[in-house]
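Engineer: Dock chain B against the given chain A, drawing on the hints supplied.
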Amino acid sequence: MRRELAGDVGRAKEMDETVSEFFRRTILKIPMTEMMTILKTWNFLSENQLQTVNFRQRKESLVQDLVLLCEENRASLKDAALLDIIYTQFHRHQKVWDVFQMSKGPGEDIDLFDMEQFKSSFKKILKRALKNVTVSFRDAEENAVWIRIAWGTQYRKPNQYKPAYVVYYSQTPYAFTSSSQLKSNLPLLGQALTIASKHHQIVKMDLRSRYLDSLKAIVFKQYNQTFETHNSTTPLQERSLGLDINMDSRIIHENKIEKERVQRVTQEIFGDYPQPRLEFAQYKLETKFKSDLNGGILAEREEPLRCLVKFSSPHLLEALKSLAPAGIADAPLSPLLTCIPNKGMNYFKIRDK
Amino acid sequence: MELANTLSQDGESRRGVLAHLERLETQVSRCRKKLEEPQSAQAVESALGTRIHELRRLRDKLRAEVKQHQARVKASTTNVEPDQTLEITEQEFLKRKRENVKAILQAYRFTGISGKLTSRGVCVCIGTAFEGNLLDSYFVDLVMQKPPQIHHHSIPVFIPLEEISAKYLQTNIQHFLFTLCEYLNAYSGRKYQADRLQSDFAAFLAGPLQRNSLCNLLSFTYKAEPEGQSFPFCARLLYKDLTTTLPTDVTVTYQGTDALSTTREEQRAAHENLFFTKPLHQVFTSFASKGDKLDMSLVS
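Keeping their order, the protein sequence lines are chains A and B.
Going by this note's numbering, the letters in the first sequence line up with residues 1 to 353, in that order.
Going by this note's numbering, the letters in the second sequence line up with residues 1 to 300, in that order.
Source of the hints: derived by calculation from the structure; they are not laboratory data.
Take these hints with a grain of salt, some might be off.
To be verified - Listed next, the in silico DMTMM-like pairs over lysine to aspartate or glutamate satisfying Cα-Cα at most 20 Å (straight line):
#	chain 1	residue 1	chain 2	residue 2
1	B	LYS191	A	GLU141
2	B	LYS167	A	ASP109
3	A	LYS104	B	GLU162
4	A	LYS104	B	GLU163
5	A	LYS29	A	ASP79
6	A	LYS290	A	GLU303
7	B	LYS102	A	GLU228
8	B	LYS191	A	GLU142
9	A	LYS288	A	GLU300
10	B	LYS116	A	ASP272
11	B	LYS240	A	GLU108
12	A	LYS198	B	ASP241
13	B	LYS116	A	GLU228
14	A	LYS104	B	ASP241
15	A	LYS198	B	GLU163
16	B	LYS191	A	ASP139
17	B	LYS167	A	GLU108
18	B	LYS240	A	ASP114
19	B	LYS240	A	GLU116
20	A	LYS321	A	GLU260
21	A	LYS343	B	GLU162
22	A	LYS59	A	GLU71
23	A	LYS343	B	GLU163
24	A	LYS198	B	GLU162
25	B	LYS240	A	ASP109
26	A	LYS221	B	GLU163
27	A	LYS221	B	GLU162
28	B	LYS191	A	ASP114
29	A	LYS119	A	GLU141
30	B	LYS278	B	ASP195
These numbers come from a predicted model, not from an experiment.
Bound-form chain A, shown alone (with noise of 0.2 Å):
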């Protein structure tokens, strides 16, 4: 008996050496200003437990102390995990996000949506195809689940450092994956979330953001959300035309009724909400060359020229929005730029017609 307890006691601590490894590294991400709170959202170390440790020391230590806690709550794997889901939570836009989107078959019955249905489905797909995978699950508000997946193969141990991560809104056709580095492993994903959630097929969506919210709101159709009611207190026309009011009147506008048209124009396909945050648009361009001087080496040329454009900035929608205001470009811009939110794209392939 003895020698069996040993043994147990050997295995534990085998197990626990590379947990024990994997909490360290998660907590050590975690940045000082944060650490409180995302370890009461964890909620596995106890409030008393937490007051045990003094979170003023050096963040090595600091780390030590909560990683030795860990272990005697007799942490997991599973916790681990979970622990990782909630930092990605907290920093969701140091990942890029791809959106994926499903359809059914046509007279489907009624989505009756049962999440634990679900992800026992979706764990049992993975699992079958792949022995060697880690599939750990959070709930979210707005009924929607965040699933970390941790790849192996059939001979390696999941690699807990390169997770993928899948949000899925139930009862909704799009996905939301962060870029897995094993791309190997995205036809299976795929196909463990259509089949789990009772879709038939499922299709990646050219739109990728750092800023899941963002892409949250293109593509439910959630960023314009002013509507015109009886009930609103500020009254539409009250909106300044961006010409100072208060300047001299000795000075006018040459362009003014231009500057208005610009600025009419402008709100009108923009609208006056906050733009959902992008950071570029690309387009491939594969177009034979136009030009209006006859002749030319490329004017002859048959194949289509190829080139890539790409948009960037912090938050490129403000930027296009304030391209005509600004006197830069004409308005209205060309609705290749125009049309991302509303067609849910910010990818481009553009050919001859």
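Structural biologist: Then chain B, alone, in the frame of chain A:
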């Protein structure tokens, strides 16, 4: 010769035809002047006369207007309470009338469907309610072109808006709005019941309430009495009809290993029936009130 002699009687005696002609000319011009003077004077006179008439007319018109205005003011002051000594100007009267109309337009939202005309069409507001409680409002901004289109909206993404608009928007806008209203009201009602259960009857639940976006699948473990010896039941409510607030499928199961006593079985069946017929939170309200009675039955 006679002519010359007669003319010589008029003052200067001049001789000759030319002199005579001269005298005639001056006579004519004198006569002409005499004739013109009263004419120009007359013209001036008549001009002044017409001006006087005009001014008199204008004066009479203004007098009439003032009288009219005073009469109107008197009429409106008679409608005001007698102890109000303030004089309400016409502007204030119109302002009050406008505010009144505005208030009526604002109150329209309590009818469930109301709208406001926009430059492109109409912005419809669908208000939802359940059991007399006002719940969320949702908006659909419509572009009234030849095929009507939705410009933007605040309908949740899990409501089948595309399906409904594909069926009805082009052909019958009224039906489109009523169907949407049905779906939204039912969703709001189901959500209200689930929220009430979670917040007001948490003591009866043995675990978290499982729900989804549409609130059309609810799964929970509960006890009919929060304290006491009762065994927990598992309830699973399915709402297959998205336009209703009562479930279409109910299964209540017992979570224990030993067989159910007949009283327990009766209770289980009764609960199933309750969930079918009453809104969720009302079922639990009845549990709360029946608490004492059930205890008595257990003791006996």
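Engineer: Run every hint past the structure and note whether it holds.
Structural biologist: Structure-based check of each hint:
Taking the CA atoms of B/LYS191 and A/GLU141, the gap is near 14 Å; set against the 20 Å cutoff, the hint holds. The suggested pairing of B/LYS167 with A/ASP109 holds, with an alpha-carbon distance near 17 Å, which does not exceed 20 Å. Proposed proximity of A/LYS104 and B/GLU162 is supported: the alpha carbons are some 13 Å apart, at most 20 Å. This hinted pair checks out: A/LYS104 and B/GLU163 have alpha carbons roughly 13 Å apart, not beyond 20 Å.
Proposed proximity of A/LYS29 and A/ASP79 is supported: the alpha carbons are some 16 Å apart, at most 20 Å. For the hint pairing A/LYS290 with A/GLU303, the CA-to-CA distance comes to about 12 Å; that is within 20 Å, so the pair holds. A distance of roughly 14 Å separates the Cα atoms of B/LYS102 and A/GLU228; the hinted pair therefore holds under the 20 Å criterion. The suggested pairing of B/LYS191 with A/GLU142 holds, with an alpha-carbon distance near 12 Å, which does not exceed 20 Å.
As the CA atoms of A/LYS288 and A/GLU300 are separated by approximately 9 Å, the hinted pair is consistent with the 20 Å bound. For the suggested pair B/LYS116 and A/ASP272, the alpha carbons sit about 18 Å apart, so the restraint of at most 20 Å is met. A distance of roughly 12 Å separates the Cα atoms of B/LYS240 and A/GLU108; the hinted pair therefore holds under the 20 Å criterion. This hinted pair checks out: A/LYS198 and B/ASP241 have alpha carbons roughly 18 Å apart, not beyond 20 Å.
Distance hint between B/LYS116 and A/GLU228 is fulfilled; the C-alpha atoms sit about 7 Å from each other, no more than 20 Å. Under the criterion of a C-alpha separation no larger than 20 Å, the hint pairing A/LYS104 with B/ASP241 is consistent with the structure, at around 19 Å. For the given pair, A/LYS198 sits about 18 Å from B/GLU163 by alpha-carbon distance, which is consistent with the 20 Å threshold. Of the supplied pair hints, the one linking B/LYS191 and A/ASP139 holds, its CA atoms being roughly 18 Å apart against a limit of 20 Å.
With a C-alpha separation of about 16 Å, the suggested pairing of B/LYS167 with A/GLU108 holds against the 20 Å cut-off. Distance restraint check for B/LYS240 and A/ASP114: the Cα-Cα separation of roughly 13 Å lies within the 20 Å cut-off, and the hinted pair is therefore satisfied. This hinted pair checks out: B/LYS240 and A/GLU116 have alpha carbons roughly 18 Å apart, not beyond 20 Å. For the proposed pair A/LYS321 and A/GLU260, the alpha carbon gap of about 15 Å is at most 20 Å, so the pair holds.
Restraint check: the Cα-Cα separation between A/LYS343 and B/GLU162 comes to about 15 Å, which is no more than 20 Å; the hinted pair holds. Among the hinted pairs, A/LYS59 with A/GLU71 is consistent with the structure: their alpha-carbon atoms are about 18 Å apart, no more than 20 Å. The suggested pairing of A/LYS343 with B/GLU163 holds, with an alpha-carbon distance near 19 Å, which does not exceed 20 Å. As the CA atoms of A/LYS198 and B/GLU162 are separated by approximately 19 Å, the hinted pair is consistent with the 20 Å bound.
Annotation: proposed proximity of B/LYS240 to A/ASP109 holds, straight-line Cα distance about 9 Å (limit 20 Å). Between A/LYS221 and B/GLU163 the alpha-carbon distance is near 16 Å, which keeps this suggested pair within the 20 Å criterion. In summary, the hint linking A/LYS221 to B/GLU162 is supported, as the alpha carbons are separated by about 12 Å, within the 20 Å threshold. Restraint check for B/LYS191 and A/ASP114: satisfied, since their Cα atoms lie roughly 16 Å apart, inside the 20 Å limit.
Between A/LYS119 and A/GLU141, the direct Cα distance comes to roughly 16 Å. Compliance with the 20 Å bound is thereby established for this hinted pair. Taking the CA atoms of B/LYS278 and B/ASP195, the gap is near 16 Å; set against the 20 Å cutoff, the hint holds.
When held up to the earlier numbered hints, the structure conflicts with none and fits them all.
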